[in-house]
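Now for the letters of each chain:
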Amino acid sequence: MIIPISLKYGLLVFVGVTGVLQAAACHNNLRGLVFFKNRYIAYIFAILAAGGSLASFFAWNYLFETGVIAGSEQAGIFVLSAFIAVVCTILVSSAIKSVSFKNRGAPPDGLEALRGATIFHVFWDRVNGKN
Amino acid sequence: MTDTSVFLWINGLAGKVSIIDEFFKGISNDYFSLIGACLVLIWLWFAARDVQNREIDQRAVMAAIISIGVVSGFVALCNEHYFRPRPFNVLPADSINLLFYQPTDSSFPSNLASVVFAIAVPVFIKSRKAGAVLLGLAVLSSFGRIYIGIHYPLDVLGGAALGALAGFIALGISWALGPIIKILFKVLRMGHLA
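Taken in sequence, the protein lines are chains Z and P. Position 37, counted from 1, in the first sequence is what numbering that gives the first Met the number 0 calls 36; the numbers after and before it change by one each time, with no gaps. Position 4, counted from 1, in the second sequence is what numbering that gives the first Met the number 0 calls 3; the numbers after and before it change by one each time, with no gaps.
It should be emphasised that the hints constitute simulated quantities derived from the structure, not laboratory data. Even for Gly, the Cβ is constructed at its ideal location relative to N, Cα and C. Hints may be right or wrong, so weigh each one.
[As the list claims (entries may be wrong)] Label-pair distances were calculated between CB atoms; the ranges are:
no.: 1; chain 1: P; residue 1: D104; chain 2: Z; residue 2: N102; range: 57 to 67 Å
no.: 2; chain 1: Z; residue 1: V126; chain 2: P; residue 2: A160; range: 25 to 35 Å
no.: 3; chain 1: P; residue 1: V16; chain 2: Z; residue 2: I40; range: 34 to 44 Å
[Unchecked claim] Covered by chain P, per the in silico footprint, the following chain Z stretches (three or more residues, Cβ under 8 Å):
no.: 4; stretch: 14-21
no.: 5; stretch: 56-64
no.: 6; stretch: 109-119
Model the full assembly from the supplied sequences, consistent with the hints where possible.
Listed below in structure tokens is the structure:
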């Protein structure tokens with residue numbers, strides 16, 4: 000099966016953005032966004048994902064010798080892939096940590112809430128009138 | 000010293016040390032530095048530990064996004080009214096070390112230099128550390144475009160100047176849109192994304 004070059008580009012952006020999100024969440028102690036409980040494993044995952052993606056872009060002309068993606072197409076695919084990466088990060092971290100953070104209080108505003116809960120927890124609590 | 004003679008001098012450095020050739024081919028391709036700069040923006044959005052610094056960083060990211068839009072308009076306008084042939088279209092083939100495929104669009108301004116500088120300048124003004132990384136990336140990738148033989152120095156300098164101008168305009172726009180951006184931050188903070 001031949002994968003179109005724009006799809007390869009989108010997949011590599013997705014992996015890179017996911018890696019950077021994991022690294023930033025670890026750095027900022029946003030435990031509700033991190034996939035792994037162990038901080039070091041999370042960092043290793045982030046470095047492999049972001050580093051692998053960047054290395055592929057660095058070697059792009061060797062990996063994919065034919066085809067060029069126009070600037071506007073690049074921008075569109077980047078925004079879409081980055082958006083999907085953010086949504087997937089929220090979904091996956093919420094699913095993995097659905098039973099964590101049991102004794103959580105009212106979450107603070109903004110990203111700080113993700114230090115002690117996943118986004119699903121925060122919205123679930125909001126729907127149930129806990130905050 | 001003309002644009003062409005500076006081009007020939009810089010491009011003349013290519014083809015001597017293969018590891019340096021590979022470095023500039025990688026860093027100056029159509030994707031690496033743009034994606035790298037965008038990943039730095041995503042890091043900036045989420046990484047600051049306290050609210051005050053994070054808001055400064057996130058304002059820098061917003062200015063950079065506006066700046067990309069502004070510089071795209073500048074580049075489109077330039078391409079509409081002016082076409083400059085690439086060095087490999089004008090100079091004798093044996094005088095150039097071409098390490099890249101042959102783009103067909105106008106040589107002036109350098110699209111890569113303009114966009115990467117448009118991202119780096121507003122970030123540097125608001126957040127020095129990340130801005131310095133982005134400016135370093137912008138300078139290296141822009142120099143690389145001359146090194147690999149697809150731009151004249153003036154194309155890259157013009158692109159950098161357009162990018163910097165767009166950066167300052169974007170900072171002005173984000174300042175003028177202050178109340179709207181404040182509301183946007185409030186909404187994003189309610190959704191726990193800022």
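Tell me the numbers of any earlier hints that the structure contravenes, in ascending order. Of the numbered hints given earlier, the structure breaks just one, which is hint 2.
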